[in-house]
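What follows is each chain in one-letter form.
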Amino acid sequence: MYDTIIIGAGMSGLAAGIRLAHYDRKVCVLERHTTIGGLNSFYRLNRRDYDVGLHAVTNFTPRGTKKGPLARLLRQLRFRWEDFSLSEQIQSAIEFPGVSLRFDNDIELLRSEIARSFPTQVDAFETLLGRIVDYDDLDQEVYSLSTRAILSEIFTEPLLVEMLLCPLMWYGNAREHDMDFGQFCIMFRSIYLEGFARPFKGVRLILKNLVRRFRELGGELKLRKGVARIRMEGGRAVGVVLDDGTEIEGKVILSSAGRTETMRMCFGSATPLPEPGQLSFIETIAVLDRQPREIGHDRTIVFFNDSPQFHWRRPTDSLCDVRTGVVCSPNNFRYAPEDGDLPDGVIRITALADHDAWRRLDEPDYRREKALWFDRTAESAVRFVSDYRSYVVDSDMFTPNTIRRFTWHDNGAVYGAPEKVLDGRTPIEGLYLCGTDQGYVGIIGSIISGLTIANRYVLAN
Amino acid sequence: MTPVEIRAAVLDILEGIAQDDDLSQLDDGTAFREQLELDSMDFLDIVMELRKRYRVQIPEEDYPRLGSMASTVEYLTPLMKDISA
Ligand SMILES: Cc1cc2nc3c(=O)[nH]c(=O)nc-3n(C[C@H](O)[C@H](O)[C@H](O)COP(=O)(O)OP(=O)(O)OC[C@H]3O[C@@H](n4cnc5c(N)ncnc54)[C@H](O)[C@@H]3O)c2cc1C
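So the sequence lines, in the order shown, correspond to chains A and D. Letter 356 of the first sequence, counting from 1, is numbered 356 in our numbering, and no numbers are missing. Letter 37 of the second sequence, counting from 1, is numbered 37 in our numbering, and no numbers are missing.
Think of the hints as simulated: they come from the structure by calculation, not from any bench. Hints are all accurate, no fakes.
Simulated restraints, written as ranges between beta carbons of each label pair: (1) D:Ala85 <-> A:Arg212: 28 to 38 Å; (2) D:Ala8 <-> A:Ser100: 52 to 62 Å; (3) A:Ser146 <-> D:Ala85: 51 to 61 Å; (4) A:Leu109 <-> D:Gln25: 26 to 36 Å; (5) A:Arg224 <-> D:Gly16: 28 to 38 Å; (6) A:Glu275 <-> D:Ser40: 27 to 37 Å; (7) D:Gly16 <-> A:Asp362: 50 to 60 Å; (8) A:Arg389 <-> D:Gln25: 53 to 63 Å; (9) A:Asp243 <-> D:Ile83: 39 to 49 Å; (10) D:Ala85 <-> A:Arg63: 25 to 35 Å; (11) D:Asp22 <-> A:Ala270: 58 to 68 Å; (12) A:Arg63 <-> D:Ile83: 27 to 37 Å; (13) D:Leu23 <-> A:Ser146: 44 to 54 Å; (14) A:Arg212 <-> D:Glu5: 26 to 36 Å.
Result set (DSSO-like, lysine-lysine): computed pairs, CA atoms no more than 27 Å apart in a straight line: (15) A:Lys225 <-> A:Lys26; (16) A:Lys26 <-> D:Lys52; (17) D:Lys52 <-> A:Lys251; (18) A:Lys208 <-> A:Lys26; (19) A:Lys201 <-> A:Lys67; (20) A:Lys66 <-> D:Lys52; (21) A:Lys208 <-> A:Lys222; (22) A:Lys67 <-> A:Lys208; (23) D:Lys52 <-> D:Lys81; (24) A:Lys208 <-> D:Lys52; (25) A:Lys201 <-> A:Lys222; (26) A:Lys201 <-> A:Lys66.
Short, incomplete list of chain D residues facing chain A, as computed with Cβ under 10 Å: (27) Ile17; (28) Gln19; (29) Asp20; (30) Leu36; (31) Glu37; (32) Asp39; (33) Met41; (34) Asp45; (35) Met48; (36) Glu49; (37) Arg51.
In this text the structure is predicted, and so the values were computed from the model without any measurement. We treat Cβ as the ideally placed atom computed from N, Cα and C, and that holds for glycine.
Just chain A, same shape as in the assembly (with noise of 0.2 Å):
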């Protein structure tokens, strides 16, 4: 009989298990897949180390910061600053058709690029500045207001909306169009107020973090255990029951698999289920014989749009949409000197994906289609950065339906369902929600939803 069983050894599983092996509780982080990581693993193929999501660590405050969420993790798990060899970003940039928003990890240069290219909007920014560091993070009815008709008042210009909108969408919104003022204040905090970092090992060496401290904790993790079925008695959770058909009992459970798959563990899919999330991804990877600099392309991470509406939608009459993208260097950070470069160039390119048209081609369909939305991809993106193109060595790509093989999340949706639980409860007692659809997404964001979820239902209990 466990104190705690947590589904998934993704970020905020094993977060929120450290927490509760630290404080004595007997806890087994249960993952279906042979790995951990979940959404942000990492693999080696054909020599090469990769990583499956990793663009930047989001958040980023230098050492010696006492707020933000990334100092409030690393004391509740005990970990030191140096412990996620955080290197900053060197800049990045919005690209819409004739406007380019510089950013980096300061917001002044964010304010100065919109005083050159949007000179009657400065006061407007300030307002938006001071709404955003006023807001209070947990606030139900605050949280689920469109962004969209709070920017509309507040801008004159609609491209300078839609171009703030697009970073913060790309990275952390579920919600088709439109995204949740909560979320929106999140991600704006975590990405243009605090920023980007990655460590030179690249997101194992955060995951190897976190699994090695939840060893030595005493904490169990077993691999290749998916859960089946959770099982309830009189309305309470009490345990799981395996793909294996083994069953586990637990006084509490925690699940970081998302909402709707969590209720189909407990109810089947009988009953009626909340909504999944619509929006995935494809993601090109093209290793480079040098390092992206040398062709001009300094930029840590571009976000580009082409034409003046941003479009933020699960594509329905083909396969991809690549008029926006992300294209990311894992190469352009500030590393230490002694770290020097990344041994290879790459070129990391996104794009919104439809999951289910993915799922029905078949096994040659699928590869032709893949190798087309690569060079597609590439050549939408070298509108807006270097064209690298001649100089690939080497490639990988996944679509939504790797992302839903490795993950089990619905529709492969990156960021899970558009109505989060923000309070982590469930219909059922003992069963609580963790990461993506508890409402925090991103690396940090899921550490902390895992923290926070183990704080809240298991330790101050």
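Knowing the structure of chain A, use the given hints to seat chain D with the ligand on it.
For chain D with the ligand alone, kept in the frame of chain A given last:
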């Protein structure tokens, strides 16, 4: 434990929580909140660490007494006097 030992024990807990802070300059009379910017979660951590390490139970209504080092040591002295360091 003597008040001096209790102070050292609390300091050790704080060092574990705020690993990047230099606590050698900690002023016992000033609130932790001001010096270390601890939030309410961190206070819960102090309480839970005390329970984990020394089995001291602190009821929620007493949390405000853990505001500064001086008040914490004063509050804990009778509770921890029979615990060996
Ligand atoms: C391509 C991509 C790029 C990204 N880039 C970034 C980035 O640059 N920066 C950033 O901060 N964030 C990024 N993210 C987002 C970030 O990875 C996620 O928000 C975060 O990892 C979510 O963590 P989680 O713990 O909530 O969920 P998950 O990582 O989804 O963890 C859930 C775990 O549960 C397991 N599971 C599911 N069902 C079961 C079951 N029935 N039984 C047992 N186990 C189960 C899954 O296998 C998974 O390991 C990216 C994501 C993707 C996909």
